[in-house]
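Student: Protein sequence lines correspond, in order, to chains A and B. Start counting the first sequence at 10; every next residue gets the next number (the working numbering). Start counting the second sequence at 101; every next residue gets the next number (the working numbering).
Keep in mind the hints are simulated off the structure, nothing from the lab. Treat the hints loosely; a few may be bogus.
[Unchecked claim] Between beta-carbon pairs, the in silico distance windows are:
1) A:L227 / B:V346: 25 to 33 Å
2) A:V135 / B:L229: 43 to 51 Å
3) A:S97 / B:L238: 49 to 57 Å
4) B:V346 / A:R87: 51 to 59 Å
5) B:A307 / A:L244: 48 to 56 Å
6) A:F162 / B:R235: 33 to 41 Å
7) A:F16 / B:L310: 40 to 48 Å
8) B:Y272 / A:G228: 48 to 56 Å
9) A:N82 / B:W175: 24 to 32 Å
[Said to hold, decoys possible] Covered by chain B, per the in silico footprint, the following chain A stretches (three or more residues, Cβ under 8 Å):
10) 30-38
11) 131-137
Just so we're clear, the structure is a prediction, and the values are computed from it rather than from any experiment. No residue lacks a Cβ here, since even glycine has one placed at the ideal position from N, Cα and C.
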Amino acid sequence: MEYKTSFFFTILGQFTVSFTSLLGIWFLFSRFREVEGFSFPQVLLCFATVLMAFSVAECFGRAFDTFPQMLSNGAFDRVLVRPKNVISQVLMAKIDFTRFGRLLQAVLVFIYALPRSGVVWTWDKVCTLILMVVCGCIIFFCLFLTYAAISFFTIEGLEFMNVLTDGGREFGRYPYSIYGEDVLKFLTYVVPLALFQYYPLLYLLGREPSLWYMFAPLGGLLFAIPSYCLWRWGLTSYVSTGS
Amino acid sequence: MRKYYALFRLRFIHSLQYRAAAAAGVVTQFAWGFMEILAFLAFYKANPSNFPMEFSHVVAYIWIQQTFLAVFMVWFYENEIFEAISSGAIAYTLVRPIDLYNRWFAQSVANRVAKALLRSVPILLVAFLVPPPLRLSLPNSGTQLLLFIISFVLGLGVVIAYTMIVYVTTFYTLSPVGVRIIAAMLADFLAGAIIPLPFFPMGVRNAAELLPFAAMQNMPLRIYSGNIAGVEAIKGIGLQIFWLLVLVTLGRLILRRALGKVVVQGG
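If we strip away everything but chain A, and leave its shape as in the complex, we get (with noise of 0.2 Å):
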């Protein structure tokens, strides 16, 4: 926190980029009214979703960027001799709060978007929003954590790993649905990412009233499982490149 203005800059930085995105989305619904049956505010709404969940997991999860270098110069080793648990400590050497930018821009749409979006806002709404959230957060650290885990194995061609995370943010601007059904199958079953985005969306705006859509998001926890489980076989796999 010493540098104040390069700090504040960074967050404006990134306010901008997904203001641009913001800015890209008004400009096409001021030409078309809907998409796929979803208004602006509904668009609106999924996109403070994604935007909210992905900028509380990166401030942590961007730590695990630097992985690859941290395994390829031996920096690694030191986390493993210390008695701490080797993710907190990974985290907590890079934990980035210029992240806020989106955080606050996610806010401010939630903000326009929630009284305009059509969606009546009782006890189980509310509460499919947070599950909504909070469910996205952990998905996408499990992406972050994946990214990590799969660094073990090869640090060539890593980059794939982006399309579902920054991608996942990218395209999750507008409901899942919109891009077809395979796509949506694919971030139904194989990356959740659907199952914290479209599914309760779908329950928000009453399209389906049963109570499956609106816990849909804790179906997504499961990723959580193969995430963890590739983790820890890299982990125990980990044979040193030597410093």
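Start from chain A and add chain B according to the hints.
Tutor: Using the frame of chain A, we list chain B on its own:
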């Protein structure tokens, strides 16, 4: 001139080494292009009559944009240059008998072209092979292709000339990372990186098309896709040349002034 070419070659070969990263990048970029096109397809289905470009134009726009991402996107800054300025290593560069602006310009060109080249062939190959309506197609005529190539080169020049201005203003402000991000996002948005300019509301679109940013990727991408053709394309290219000259002149001016009063950081 020979020394710039040598510099270019060195840089180019250096950048070509990063092949594995490029392979992964191809998958990422391909997925990105694919999803963006699907999103536009959804909007097209929502209201085909309100769609301001032919759908095939949008498809071509996005594929070519992804293919040459490293060329068109302002945010591919040369970190080396920022470091040189803020660390004082610039002092070494200044004693060499080479014009600094030209050197940095050649370096940027080499880096961007190398990165783009590495990824372009695989992405193009796949883009030409996916099933329609998502498929990329070639320009309608040889003239169109030629105009695209000219516009492409000019677009690259304008992008780099803009980044040069961002670099040289660092002499005065030692600008934080955030400012560079904002400068890049602003430029890229108005250049049509997020959504193509025809999708902007009328008034904003008209203004944006006259700005230097439109000369970056908007013009070449729309010429390739056939959205801008013939006389319109030639006028567009003229505007690109204009902005290239303006930005280069501005960049050189600021650099010359800055070098007159450079304060070297560190020893």
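Student: All hints, please: hold or fail.
Tutor: How the hints compare with the structure:
no., hint, result
1, A:L227 / B:V346: 25 to 33 Å, "57 Å, violated"
2, A:V135 / B:L229: 43 to 51 Å, "48 Å, holds"
3, A:S97 / B:L238: 49 to 57 Å, "54 Å, holds"
4, B:V346 / A:R87: 51 to 59 Å, "53 Å, holds"
5, B:A307 / A:L244: 48 to 56 Å, "55 Å, holds"
6, A:F162 / B:R235: 33 to 41 Å, "35 Å, holds"
7, A:F16 / B:L310: 40 to 48 Å, "36 Å, violated"
8, B:Y272 / A:G228: 48 to 56 Å, "54 Å, holds"
9, A:N82 / B:W175: 24 to 32 Å, "27 Å, holds"
10, 30-38, "holds (count 5)"
11, 131-137, "violated (count 0)"
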